[in-house]
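Using the sequences and the hints, build the whole thing.
If you want the building blocks of each chain, they are given just below.
4 protein chains.
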Amino acid sequence: MNEPVYETALGASSLDKITLLGQDLAHDVMGKVGFGELSFWLATQRRPTPGETRVFEAVLAALADHGFTPTAIVTRLTYLSAPDSIQGALAAGLLGGGSRFLGVTEDCGRFLHEVLASAGDLPTDDAGWDALALETVRAKRKAREFIPGLGHHVHKQGDPRTPRLLEIAAEEGLVGPHLALFTAIGRVHPQVLGKTLPLNGAGVCGAALADLGLPLELLRGFALLARTAGLIGQLAEELRHPVGNDIFLAVDLNNRPVEPDPYTP
Amino acid sequence: MNEPVYETALGASSLDKITLLGQDLAHDVMGKVGFGELSFWLATQRRPTPGETRVFEAVLAALADHGFTPTAIVTRLTYLSAPDSIQGALAAGLLGGGSRFLGVTEDCGRFLHEVLASAGDLPTDDAGWDALALETVRAKRKAREFIPGLGHHVHKQGDPRTPRLLEIAAEEGLVGPHLALFTAIGRVHPQVLGKTLPLNGAGVCGAALADLGLPLELLRGFALLARTAGLIGQLAEELRHPVGNDIFLAVDLNNRPVEPDPYTP
Amino acid sequence: MNEPVYETALGASSLDKITLLGQDLAHDVMGKVGFGELSFWLATQRRPTPGETRVFEAVLAALADHGFTPTAIVTRLTYLSAPDSIQGALAAGLLGGGSRFLGVTEDCGRFLHEVLASAGDLPTDDAGWDALALETVRAKRKAREFIPGLGHHVHKQGDPRTPRLLEIAAEEGLVGPHLALFTAIGRVHPQVLGKTLPLNGAGVCGAALADLGLPLELLRGFALLARTAGLIGQLAEELRHPVGNDIFLAVDLNNRPVEPDPYTP
Amino acid sequence: MNEPVYETALGASSLDKITLLGQDLAHDVMGKVGFGELSFWLATQRRPTPGETRVFEAVLAALADHGFTPTAIVTRLTYLSAPDSIQGALAAGLLGGGSRFLGVTEDCGRFLHEVLASAGDLPTDDAGWDALALETVRAKRKAREFIPGLGHHVHKQGDPRTPRLLEIAAEEGLVGPHLALFTAIGRVHPQVLGKTLPLNGAGVCGAALADLGLPLELLRGFALLARTAGLIGQLAEELRHPVGNDIFLAVDLNNRPVEPDPYTP
Numbered sequence: 019m020n021e022p023v024y025e026t027a028l029g030a031s032s033l034d035k036i037t038l039l040g041q042d043l044a045h046d047v048m049g050k051v052g053f054g055e056l057s058f059w060l061a062t063q064r065r066p067t068p069g070e071t072r073v074f075e076a077v078l079a080a081l082a083d084h085g086f087t088p089t090a091i092v093t094r095l096t097y098l099s100a101p102d103s104i105q106g107a108l109a110a111g112l113l114g115g116g117s118r119f120l121g122v123t124e125d126c127g128r129f130l131h132e133v134l135a136s137a138g139d140l141p142t143d144d145a146g147w148d149a150l151a152l153e154t155v156r157a158k159r160k161a162r163e164f165i166p167g168l169g170h171h172v173h174k175q176g177d178p179r180t181p182r183l184l185e186i187a188a189e190e191g192l193v194g195p196h197l198a199l200f201t202a203i204g205r206v207h208p209q210v211l212g213k214t215l216p217l218n219g220a221g222v223c224g225a226a227l228a229d230l231g232l233p234l235e236l237l238r239g240f241a242l243l244a245r246t247a248g249l250i251g252q253l254a255e256e257l258r259h260p261v262g263n264d265i266f267l268a269v270d271l272n273n274r275p276v277e278p279d280p281y282t283p
Numbered sequence: 019m020n021e022p023v024y025e026t027a028l029g030a031s032s033l034d035k036i037t038l039l040g041q042d043l044a045h046d047v048m049g050k051v052g053f054g055e056l057s058f059w060l061a062t063q064r065r066p067t068p069g070e071t072r073v074f075e076a077v078l079a080a081l082a083d084h085g086f087t088p089t090a091i092v093t094r095l096t097y098l099s100a101p102d103s104i105q106g107a108l109a110a111g112l113l114g115g116g117s118r119f120l121g122v123t124e125d126c127g128r129f130l131h132e133v134l135a136s137a138g139d140l141p142t143d144d145a146g147w148d149a150l151a152l153e154t155v156r157a158k159r160k161a162r163e164f165i166p167g168l169g170h171h172v173h174k175q176g177d178p179r180t181p182r183l184l185e186i187a188a189e190e191g192l193v194g195p196h197l198a199l200f201t202a203i204g205r206v207h208p209q210v211l212g213k214t215l216p217l218n219g220a221g222v223c224g225a226a227l228a229d230l231g232l233p234l235e236l237l238r239g240f241a242l243l244a245r246t247a248g249l250i251g252q253l254a255e256e257l258r259h260p261v262g263n264d265i266f267l268a269v270d271l272n273n274r275p276v277e278p279d280p281y282t283p
Numbered sequence: 019m020n021e022p023v024y025e026t027a028l029g030a031s032s033l034d035k036i037t038l039l040g041q042d043l044a045h046d047v048m049g050k051v052g053f054g055e056l057s058f059w060l061a062t063q064r065r066p067t068p069g070e071t072r073v074f075e076a077v078l079a080a081l082a083d084h085g086f087t088p089t090a091i092v093t094r095l096t097y098l099s100a101p102d103s104i105q106g107a108l109a110a111g112l113l114g115g116g117s118r119f120l121g122v123t124e125d126c127g128r129f130l131h132e133v134l135a136s137a138g139d140l141p142t143d144d145a146g147w148d149a150l151a152l153e154t155v156r157a158k159r160k161a162r163e164f165i166p167g168l169g170h171h172v173h174k175q176g177d178p179r180t181p182r183l184l185e186i187a188a189e190e191g192l193v194g195p196h197l198a199l200f201t202a203i204g205r206v207h208p209q210v211l212g213k214t215l216p217l218n219g220a221g222v223c224g225a226a227l228a229d230l231g232l233p234l235e236l237l238r239g240f241a242l243l244a245r246t247a248g249l250i251g252q253l254a255e256e257l258r259h260p261v262g263n264d265i266f267l268a269v270d271l272n273n274r275p276v277e278p279d280p281y282t283p
Numbered sequence: 019m020n021e022p023v024y025e026t027a028l029g030a031s032s033l034d035k036i037t038l039l040g041q042d043l044a045h046d047v048m049g050k051v052g053f054g055e056l057s058f059w060l061a062t063q064r065r066p067t068p069g070e071t072r073v074f075e076a077v078l079a080a081l082a083d084h085g086f087t088p089t090a091i092v093t094r095l096t097y098l099s100a101p102d103s104i105q106g107a108l109a110a111g112l113l114g115g116g117s118r119f120l121g122v123t124e125d126c127g128r129f130l131h132e133v134l135a136s137a138g139d140l141p142t143d144d145a146g147w148d149a150l151a152l153e154t155v156r157a158k159r160k161a162r163e164f165i166p167g168l169g170h171h172v173h174k175q176g177d178p179r180t181p182r183l184l185e186i187a188a189e190e191g192l193v194g195p196h197l198a199l200f201t202a203i204g205r206v207h208p209q210v211l212g213k214t215l216p217l218n219g220a221g222v223c224g225a226a227l228a229d230l231g232l233p234l235e236l237l238r239g240f241a242l243l244a245r246t247a248g249l250i251g252q253l254a255e256e257l258r259h260p261v262g263n264d265i266f267l268a269v270d271l272n273n274r275p276v277e278p279d280p281y282t283p
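Protein chains in written order, with this note's numbering: chain A, 19 to 283; chain B, 19 to 283; chain C, 19 to 283; chain D, 19 to 283.
For the record, the hints were derived by calculation from the structure and aren't laboratory data. Among these hints, one or two may not hold up.
Unchecked claim - Keeping only pairs whose Cα atoms sit at most 30 Å apart, straight-line, the calculated DSS-like set for lysine-lysine is:
1. A:174 x B:35
2. B:174 x A:50
3. D:35 x C:50
4. C:213 x D:35
5. D:35 x C:35
6. B:50 x A:50
7. D:50 x C:174
8. D:174 x C:35
9. D:158 x B:160
10. D:213 x C:174
11. C:160 x C:174
12. B:158 x D:213
13. C:160 x A:160
14. D:160 x C:50
15. C:158 x A:158
16. B:160 x A:174
17. B:158 x D:174
Structure follows, in structure tokens:
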């Protein structure tokens with residue numbers, strides 16, 4: 019077997035130089051490229067514009083921390099149990115970034131993309147987007163499926179992140195077809211569903227990331243990146259004002275042993 | 019038992035508002051706070067200055083990706099084996115962020131901090147720093163211990179990240195005692211060790227993070243945050259130009275079965 | 019809000035007693051219940067018969083270790099990088115237990131279950147099973163889908179685990195409908211596919227676990243339990259005869275930097 | 019560079035054969051080797067005796083599940099948040115297997131081993147063990163350190179697992195120096211500490227594993243193996259009688275936003 023060679027455009031080192039994405043790391047990246055900008059660049063191998071960076075960082079801010087979510091609780095409890103391993107506490111928290119809690123961002127981005135991909139020529143005005151959105155909502159209704167990004171268990175009258183992210187994207191000239199379709203769904207769905215649901219923040223983030231041209235397979239990854247910063251915040255707070263042991267005891271002291279319930283398939 | 023209450027200054031929501039760190043998330047954070055800045059703020063609950071943010075982001079850039087490290091290989095192999103779970107591939111990679119590969123940043127920051135904490139009044143000029151550094155290097159030599167942050171297996175004649183980070187910190191007026199001591203160690207160690215070793219990038223990053231006043235217990239966490247962005251880059255590249263299966267086969271096809279070697283304590 | 023109560027039939031403690039699954043742990047479990055038997059009991063809340071335990075442990079043996087799989091490599095590399103955290107090395111390896119490498123066991127068990135659930139009255143003789151299998155293989159062929167558990171990249175002429183597990187199940191009177199259908203697929207598929215593929219070990223394990231009445235949602239979990247034992251074996255070998263660093267260097271020294279390849283959606 | 023070769027005595031495959039630990043997997047392992055026995059064999063590359071297997075499996079039973087521990091809560095919350103990834107839920111739970119909750123087993127085994135290694139000739143009767151134990155307890159007292167394995171927050175008058183495991187080890191003729199020293203510590207510590215503390219179950223498990231000749235570096239690994247079976251039990255119960263969402267809500271609904279508390283080093 020020939021010895022394999024592994025190509026990469028990411029980090030590389032020689033005796034006196036380190037490159038990252040083809041750049042001189044020390045001179046052209048450090049001190050010159052912000053962390054959000056660099057994260058975008060690493061994921062796409064192209065440097066984002068300042069406007070793209072601003073929208074991207076607004077998305078990361080929107081997803082960084084939502085208080086005592088399962089992922090935050092998990093990171094705190096894992097730190098309580100294994101304080102010797104910060105990496106374990108962060109990794110455990112990220113493992114909750116799956117289909118239910120952090121997945122909406124990716125689900126919404128992918129869903130909008132599929133609709134757009136099968137739509138042929140894209141609309142050029144609001145009326146056109148409304149027509150496409152109406153068709154989309156009706157199809158989902160008929161299939162008895164939820165629309166990713168629609169509805170929120172707390173922000174029932176509107177998620178404040180949604181108009182704000184649309185505003186930022188508009189300021190930067192970055193409202194593309196995903197955001198346009200998502201917005202139109204927000205306008206037309208009451209006609210079909212008979213009630214008005216909010217466009218939620220996780221969903222609008224997915225639409226914005228898709229409009230930025232980020233890989234759809236990794237939209238969940240950006241939610242996880244944002245959450246990593248949030249989980250470090252949770253750990254920092256836990257170190258100084260711990261609640262992990264109280265959470266553990268509140269569960270353990272309220273346990274009630276019951277008889278086994280034999281499983282049958 | 020009284021019902022417990024869990025206090026947090028991080029994310030919180032009500033019907034029509036979301037706060038983060040006491041700020042209105044939509045209006046005062048999204049579109050106004052960069053991702054590096056926000057990460058710093060989450061970890062310290064205080065907003066960094068632009069200079070602090072610049073140094074912090076330079077550190078994150080320095081640590082984001084170092085090519086085919088064990089963590090990068092692990093993320094690619096985990097994705098190969100379980101492509102259904104991006105969060106699992108990222109978490110697996112982060113779990114390699116332990117004492118050997120990503121730990122130097124934290125080890126160096128903590129080490130410098132301990133020396134400073136036990137040093138009494140801090141030096142006020144280079145001669146003073148050199149004297150403290152000399153004493154420190156001699157003590158480590160006597161204890162036959164390595165000095166965290168000194169030496170590099172590739173950049174034997176100098177790690178290009180080190181002078182660059184010092185330069186950025188100097189530009190921002192953020193060269194504090196940790197960087198001062200680290201730099202002095204770089205000047206004086208040849209007198210004691212009889213050879214000149216480079217101050218490595220991971221070490222200078224730890225010194226800079228400590229000078230920024232970030233929690234020492236979480237210095238490894240910032241290396242992991244940087245690496246999360248890098249691992250997303252690795253996954254993005256793996257999706258388009260995969261090498262994971264080649265790596266797996268290069269190992270598996272070169273396996274050689276041997277007889278068991280019974281363990282005795 | 020009323021204080022919640024959390025019910026469990028698993029472990030519980032009081033001042034002088036520990037129960038597990040309603041048993042006195044010290045007197046009725048320790049020294050009397052093997053580890054395979056206990057694992058089955060924990061998952062189903064019913065104690066398996068000796069025959070069920072034997073089939074279950076045969077499955078665990080079949081899945082415990084397959085040499086230098088991605089999961090094994092990942093555990094060794096994570097230990098190399100973070101030797102301070104055994105739990106991190108094991109967790110990282112398990113994260114590779116996803117759809118591609120360890121998933122066949124679950125996929126096959128679920129697939130067979132779905133066919134059986136929609137088949138109405140089950141066959142009572144080989145001819146009947148062959149007819150159901152033929153219908154099943156034809157339907158998959160028509161849908162251009164693979165049949166889980168059919169085919170193996172190494173054991174092209176037959177996976178030695180398959181006849182052995184069937185033999186053990188037959189000895190214990192535990193060949194149920196999943197194994198019957200799987201065996202019949204092995205007999206009839208050449209008629210449809212025009213070539214003979216082996217019934218693989220991961221697949222027959224899934225069929226056997228399903229016949230044992232274990233929860234289908236957790237079939238992957240049993241593969242992960244078996245693999246945990248295997249990964250501890252990998253770590254034990256790595257501690258004494260390390261190869262992790264050689265694997266890392268074989269990749270890192272064969273890296274070739276290339277220019278970035280900007281992503282477009 | 020010469021192509022590297024990776025040696026292993028664990029799993030290996032050829033066209034028509036699979037070996038594990040030098041055995042024919044299908045014919046000599048499946049159906050003949052229990053799961054506890056195999057786990058021991060994988061870790062030591064030697065087959066345990068039936069007596070060793072019984073003690074080992076008693077240890078695994080003692081450590082498998084302790085109800086709503088942080089690891090169990092973490093697995094349930096991770097499943098709640100990411101039900102698409104069983105491997106993620108298990109891995110997250112295992113990441114809590116660190117120094118505080120599951121670490122006592124390893125800490126105790128290592129501690130006893132160090133005492134024995136520095137003790138010279140080992141005692142041959144109870145009086146001799148008591149003398150060594152007294153010296154050991156006094157040294158720890160003087161150093162103001164805890165003795166691993168001594169004390170329990172619930173079983174203040176004695177942990178029922180401890181006498182039972184000693185009984186099983188005695189029945190199998192497997193009370194070695196680690197258990198002898200641990201028992202002696204139980205007898206003599208009140209003389210030094212002025213109060214009687216129980217020898218806890220995690221500690222006696224560590225002593226027993228060390229007496230079995232298992233690698234000290236991996237004692238935590240066996241606790242994790244046991245816990246993997248327990249966590250599968252937790253997931254199986256969560257699937258049928260979920261409490262994860264109640265736990266999450268009990269925390270989230272009791273959150274109280276507070277003002278940021280800026281960190282100073």
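Verification of the hints:
| no. | hint | verdict |
| --- | --- | --- |
| 1 | A:174 x B:35 | holds (11 Å) |
| 2 | B:174 x A:50 | holds (26 Å) |
| 3 | D:35 x C:50 | violated (35 Å) |
| 4 | C:213 x D:35 | holds (22 Å) |
| 5 | D:35 x C:35 | violated (48 Å) |
| 6 | B:50 x A:50 | holds (19 Å) |
| 7 | D:50 x C:174 | holds (26 Å) |
| 8 | D:174 x C:35 | holds (11 Å) |
| 9 | D:158 x B:160 | holds (27 Å) |
| 10 | D:213 x C:174 | violated (67 Å) |
| 11 | C:160 x C:174 | holds (24 Å) |
| 12 | B:158 x D:213 | violated (41 Å) |
| 13 | C:160 x A:160 | holds (27 Å) |
| 14 | D:160 x C:50 | violated (41 Å) |
| 15 | C:158 x A:158 | holds (27 Å) |
| 16 | B:160 x A:174 | violated (66 Å) |
| 17 | B:158 x D:174 | violated (44 Å) |
This entry does not satisfy hints 3, 5, 10, 12, 14, 16, 17, going by the numbered hints stated previously.
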